[in-house]
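> Work the whole structure out from these sequences, hints included.
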Amino acid sequence: MEKFLGQWMPIDASEHGAELDRLLGIVHWLMLILFVVWGAYFVYALWRFNAKRNPQASYHGAQSHVSTYAEGGIAIVEVVLLVAFSIPAWYRWTKPPGKEKNPLEVHVVAEQFAWNVHYPGADGVFGRRNVKLTTSSNPLGLDLTDPRAQDDVVTLNQFHVELDRDTIVKVSSKDVIHSFKLPVMRAEQDAIPGLDVNIHFKPIRTNNGDRWEIACAQLCGLGHYRMRGEIHVDKKADFDAWLAKEPTAKVSIGS
Amino acid sequence: MGLRRQIRVGNQWLYADEARKALLEAERVMREEDRHKLLHGHVLPWYRRWLFSTDHKVIGLQYGFTALCFLLMGFGLMILMRLQLGWPGHAFSIMKVLGEGRAPGGVLLPEAYNQLGAMHGTIMIFLGVVPLAVGAFGNYVTPLMIGAPDMAFPKLNMVSYWCYVPGGLIMLASFFVPGGAANSGWTSYPPLSDIATMGQTFWLFGMVFLITSSLLGSINFIVTILQLRVKGMTLMRFPFFVWTQLVTSFLLLLAFPPLEAAAVLQLMDRLAGTSFFLPSGLVVSGEILKNAGGGNPLLWQHLFWFLAHPEVYVLILPAMGIVSEIIANNTRKPLWGYRSLVGALVFLGFMSFVVWAHHMFLTGMGTTISAFFQTTTMIISIPSVIILSALFISLWGGSIRFNTPMLFALAFLPMFGIGGLTGLPLGLASADIHLHDTYYVIGHFHYVVAPGTIFALLAGVYYYFPKFTGRRLNEFWGKVHFWVSFVCINGIFMPMFAQGLAGVSRRLYDGGAQYAHAKTIAEQTNPFMSICAVGLLFAQVPFIINFFWNAFQGLRGKRTVDSNPWQATTLDWAATTSPPLGHGNFARAPVVYRGPYEYSVPGDPAGFIPQHVPDTPAPPPAVIGGVIPATAVAQREI
Amino acid sequence: MADAHAHAAHHELEIPYNVHPRPDTGLYNAKFGIWLFLASEVMLFGALFSSYILLRTSAAHWPRGWEFLSVTAATINTFVLIASSVTVIMAWSYLRLGNLKLGRIYIGATLFLAALFLVFKGIEYSHEFHQHRFPSTNTFMAIYFTLTGLHGLHVIGGMVVFAYFLFFGHKMWQTERERYINRIEVVGLYWHFVDLVWIFLFPSLYLM
Ligand code: HEA
Ligand code: HEA
Ligand code: CUA
Ligand SMILES: [Cu+2]
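Chains as they are written, first to last, in my numbering: chain A, 67 to 321; chain B, -15 to 622; chain C, 72 to 279.
Quick caveat, the hints were computed from the structure, so don't treat them as lab data. A few of these clues could be false.
[To be verified] Ranges between beta-carbon positions, derived for each pair:
(1) B/ILE515 - A/LEU112: 23 to 31 angstroms
(2) A/THR201 - C/HIS201: 54 to 62 angstroms
(3) A/TYR157 - B/MET478: 30 to 38 angstroms
(4) B/PHE356 - A/PRO313: 44 to 52 angstroms
(5) A/ALA188 - B/PHE512: 47 to 55 angstroms
(6) B/GLY163 - C/GLY193: 33 to 41 angstroms
(7) B/PRO150 - C/MET161: 38 to 46 angstroms
(8) B/LEU255 - A/ASP209: 32 to 40 angstroms
(9) A/ILE234 - C/LEU267: 29 to 37 angstroms
(10) B/PHE334 - A/THR201: 48 to 56 angstroms
(11) A/SER130 - B/PHE334: 40 to 48 angstroms
[What the hints assert, rightly or not] DSSO-like mimics (lysine-lysine), calculated; alpha carbons at most 27 angstroms apart, straight line:
(12) A/LYS118 - B/LYS139
(13) C/LYS102 - B/LYS215
(14) A/LYS118 - A/LYS167
(15) B/LYS274 - A/LYS198
(16) A/LYS311 - A/LYS167
(17) C/LYS192 - B/LYS139
(18) A/LYS236 - B/LYS274
For clarity, every value in this text was computed on a predicted model and none was experimentally measured. Every residue gets a Cβ at the ideal spot worked out from N, C-alpha and C, and that includes glycine.
See below:
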C-alpha cells in the first residue's frame, strides 16, 4: 500500500517521515478493505434483489448481525491506529530533540509572500529583533546594537539544513497566517503572527540535484500560489561553507 | 333489527351503511377545503400567495427555487476556476463576464481567483445546500410527514426566508464593491480577513442575515416537530427524515451563535478598529500596523470551527434522511435497524460539538489536546459507519425499483463512503501533517458534499417532484442526467486524492504549476478534471429543462400522477393529495397507527400499509355499533 | 363579501397548541420557542464570554475596570434591571387576574425602567469617549464596548416588543385574551434572560 500511495507522494527525506507514511499506508488499508467489502456486497445486493429477479420483498430483511461485529471491528482498528501509531507519532513530532543532540536551530518568519530564514550565525545565538527596525534591507528588524545580532544570517527563501543533524525550526509570521510546509520532510506548521511554534525534523538524504521546495499551504493573499522557497540538505562541509559565504546581518543590513 | 352488511375496503372492514355515510362526509370535507383553496387563489393578491405567503409549502418552494439557482451559480463560479486551474494563465472569453478588473483580456487574476474560491464555498454551503436541504425539503415535507397543518410559526417561517434572501443578495452585491467580493476563503481566517478589502465586510453582514434566518428556522422546526405531530405519531414512528431534520435543527440552533459572535468581533476589528484577532506588532508589506494589538488569530479559528464542524453534518444529515426515505420506498421493505439509525443519528449530533479542532491540528497543538480531538474524531466516524451500514443492509431482501430518484440515492452510499473514509486519515493528526490543506482535503469533503449531498438532494427533487407539481419528471432524461453526472463528478474529484498525496496545496491560483513537487501531477490531472467539470455542467442541462418544462405544465394544472405515485406509506404521500390541499394540508388531521415503513407486510395484499390506516379489525360481530375512524375512509377518497 | 370570506378562510388555519400547552411537553408553542431561542442566546453570550476569558488570560497585563469605569452607575443600572424584571412578573400576574389596566401600567413601568437603564449606559459611554477611551484603545475597552453594546441591543429589542404590547398588542385582550397573556409571559422570559446577562457582565467587567 505504501508503494501504491508512494507513486504520488514526494520522496521522503526525513527520519520521522517513514513512520507517518506507514500510518498513511495502514489507514488506507482499512479504507480499502471497508470499501471493497461493502462495495462487493453492494453490487451483489443490487443484482440479487433487483425487482425483476426478486418481485416480492421480504418484510424482515437481513437477520444476521455481521454488521454489528464489523462495526466493532472498525472501532477496534481505529483504537489501535490511535494508540499504537498516531498519538505516539504525534508525541515524538511535538517533542524537540534535546541539547545533547546539538540540533541546528533556525527561525523561519513568513511574510506576504516569502520565507525569511534566520540563522544565529557563528556565535550560535539569535540577535534581538524589534519590529520597529523593519526595513526592506532588514526584513526581520534585527537590532544591530545587539552584538549577538551582528553575525546572524538572514536569507530569503533559501533554507539550508545539514544532513543527519536534528533541525529545530521556530515558525512564525510577520503579517497573516501562512503554513510552512516541507513535503519532502513530511513536515508542516502554520505560521501564525504573534505565535512562535517549534517543529523539528532530521534530514537523512541530500537533494543531490533535485529541487526541493518550501510550500505555503495556507491562503495568505493573492501571492499565495507563488510563495515558495527552496530547501537544500547539505553535507556538513557544504553547509558550513554555504553559511560562511552568506553575508552576515552586519553586512547585509549595513548601517 | 337484522344483521348489517359489511364490506372490505382495502384492508378495512366497514359497515356498509356507515361507510357510505363516511364517504359522503369525506367528499363534503374535500369540497369545502377546495372551495377555500379556490377562494384563496382568487382573493389573496399574488404577492401574498407567492412572495409573502405563510404557507410552509409555498415557502418551501421559494427556498427550493432560490437555492437551486444559487447552486447553479456556485457551480458557475467553479467552472471559471476550473478553467483557470486546467489551463493556468490561458485567456478564455467567458472569463470576461468577470469584467476587466478581474480578468483583463479573459485572463483570470490571482485576487479574482481568491474571490471566486471564497464565494464558491460560501454560496454552495450557506446559500445552496443548507437552504435546499432544510429550507426547501425540510419546510415542505416535515409538516406533511407529521400530519401538521403548517409550521408552528408560519409568519416566522416567512421571516426566515426573507432573511435568507437579503443575506444572499448582500453576498452577490459584494462582487461589485471596490476590491471585489470576500477573498479570504470561506473560512475567513484573520488577520488576512481583518485587513481584506470591503467585500469581507459584506460577507460578514451577509452571514449575520443567513445566521438569523437559520436560527429562526431551526426554532420553528424543533417546535413544529415536537409540538405539532398528530395523535399516534410517537417519536419512534417518525420517518427517519423527520429525525434528521430534528437533529439538524439542534445543530443549527446551538452551533451558529458562536459564529455570529465571531462575526461581530471581526466586524468590530474591521469597522471599530479593535484588535480581537490582531496580535501586537504586525508588519504588513513593510508597514507596521497601527492597532492596539493583544488579540489572538486562533480565537477566530476556534469560534469558526465550533460552528463549521457541526455545519458539515448539517450538510449531510438531511441528505441521509432523504436517501433513507427513497431507499425504504424503492426496496419495498422497512429500513433495517431503525432504532440503531436513530440512536447513531442523535449520538452523531452530540459528538459533532467536540471535534472542531481536528481542523486545527497544525496550529501548534500539544499531544494531549490533539489526542483528545483525534479520539473524538475517530469516535464520530462510528455512528456514520452504523448509519451507512444500516442503509446498505436495508437493500437485503428488498425488491429494488431502479427509478431515477433511487439511482441518485443509491449512488449516494458509496460516494459518501469514499468521502467519509478519506476523512479518517485526516482525523489522525500524524497522517494529517502531510495532508492538511492539500487537495486531499478538497477531495475528501467534495465526495461527501457533491456526489454525496448534491446527489441526495437531486434524488429528493426527482422523488418529491410529483408532490410539488402533480407530475413526474421524465425518467429517460433523468437517467441520462444521473449517469453522465456520476461519471463526470468522479472524474473531477478522484484525482484530487493523488494531488493531495503529492502535497499540492489548495487555493492555488495555478493549481500548483509553480511548485516543483506539484508541477507534474498538476499538469497530468488538472486539464482532465476541468474537462469533467464542464461535462458535469452540460449534464445538468437535461435536468434543468426537464425541471422547468414539467414545473410549468404542473402550474397549468396538467397533472399526470395520482396522489401517491410511489405507493408510499408516510403521511406526506398517503394522507393527502399531490400537491396537497390548500393551506392546512389535510382534510382531517390523520391519526397514526403504525411505524413509517410498513412495506410488504406478510398477509397484506396491498403491499404497503400507510401510517394512518388502522389495523384491520377482524370482521366485527354482527351487532349494532362498533366505531369506524372516519379519517381512514375519508383518506381513501383524497 | 367574498374578500371577508376568504380572509376568514385564511385565518381559519388552526395551529395546534398555539395557546394551550401540549400535554406531553407541558408547553404551548411560543413558550417552547422562546426557550429554544434563549438556548441559542446562551451559546452566543457564552462564546463571547469565553473569548473574553481567553484574551484576558493570554494578556500580559489587564486594566482593572473599576479604576476608570463608573461602578456606581453600573450598580444603579443593576438594580434598575432587576426592578424591571419584577415589574414584568407583576404585569403578567395582573393580566392573569384579568386586570388589563394594572397589567398595562406595569408593562409601562418595565418600559420606563429599560429606558432608564439605557440613559445611564449612554452617560457612561459618553464619559468614556470624553476620556478618549474607544473600542480601539485596548482589548479591554474592545470587550467592554462589544459586550455592553450587544446587551444594549437586546434591551432595545425588548423595549420594542413591550411598547408594541402596551400600545397596540392589547387589542388581543378582547379577542384572544389567553394568547395575549402568553405573549407577555414569553417576552417576560426573554427579559429575565437580558437581565441575567447583565448580572454576569457587571462583575466581570467592572469588579474583576
Ligand atoms: C458533509 C460534510 C462532511 C462530512 C460528513 C465529513 C465527515 C468527516 N470529516 Fe470532514 N470535512 C468537511 C466536510 C465533511 N466532513 C469539509 C467541508 C472540510 C474542509 C473544511 C475546509 O478546510 O475548508 C472537512 C475537513 C475535514 C478535516 C480537516 C482536514 C484538514 O484541514 O487537514 C478532518 C480531519 O479530521 C475531517 C474529518 C472527517 C471525518 C473523520 C468525518 C467522518 O464523519 C466520516 C465518517 C464516515 C465514514 C467513516 C464512512 C463510513 C462508510 C463505510 C464504512 C462504508 C463504506 C462502503 C462503501 C464506500 C461502499 N474532515
Ligand atoms: C456544499 C458544498 C460544496 C459543493 C456542493 C461543491 C461543489 C463543487 N466544488 Fe467545491 N468547494 C466547497 C464546497 C462545495 N463545493 C468549499 C467549502 C470549498 C473551499 C473553498 C475555500 O477554499 O475557501 C470548495 C473548493 C473547491 C475547489 C478547490 C479550489 C481551491 O482550493 O483553489 C474545487 C476545485 O476543483 C471545487 C470544485 C467543485 C466542483 C467541481 C463542484 C461540483 O460538484 C459542482 C456540482 C454542482 C452541481 C451539479 C449543481 C447542481 C445544481 C443544479 C443542476 C441547479 C439546477 C437549477 C435549477 C433547476 C434552477 N470546490
Ligand atoms: Cu503564504 Cu499562503
Ligand atoms: Cu470537521
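> A separate judgement is required for each hint: does it hold in the structure or not?
To see whether the hints hold, each was checked on the structure:
1. B/ILE515 - A/LEU112: 23 to 31 angstroms: holds, 29 angstroms
2. A/THR201 - C/HIS201: 54 to 62 angstroms: violated, 39 angstroms
3. A/TYR157 - B/MET478: 30 to 38 angstroms: holds, 34 angstroms
4. B/PHE356 - A/PRO313: 44 to 52 angstroms: Holds, at about 47 angstroms.
5. A/ALA188 - B/PHE512: 47 to 55 angstroms: Since the Cβ atoms of A/ALA188 and B/PHE512 sit about 53 angstroms apart, the hinted range of 47 to 55 angstroms holds.
6. B/GLY163 - C/GLY193: 33 to 41 angstroms: holds, 35 angstroms
7. B/PRO150 - C/MET161: 38 to 46 angstroms: The hinted range 38 to 46 angstroms holds for B/PRO150 and C/MET161, with Cβ atoms some 39 angstroms apart.
8. B/LEU255 - A/ASP209: 32 to 40 angstroms: holds, 35 angstroms
9. A/ILE234 - C/LEU267: 29 to 37 angstroms: Because 50 angstroms falls outside the window, the suggested range is violated.
10. B/PHE334 - A/THR201: 48 to 56 angstroms: holds, 54 angstroms
11. A/SER130 - B/PHE334: 40 to 48 angstroms: violated, 29 angstroms
12. A/LYS118 - B/LYS139: violated, 48 angstroms
13. C/LYS102 - B/LYS215: holds, 21 angstroms
14. A/LYS118 - A/LYS167: violated, 71 angstroms
15. B/LYS274 - A/LYS198: holds, 12 angstroms
16. A/LYS311 - A/LYS167: Within the cut-off at roughly 26 angstroms; holds.
17. C/LYS192 - B/LYS139: violated, 34 angstroms
18. A/LYS236 - B/LYS274: holds, 26 angstroms
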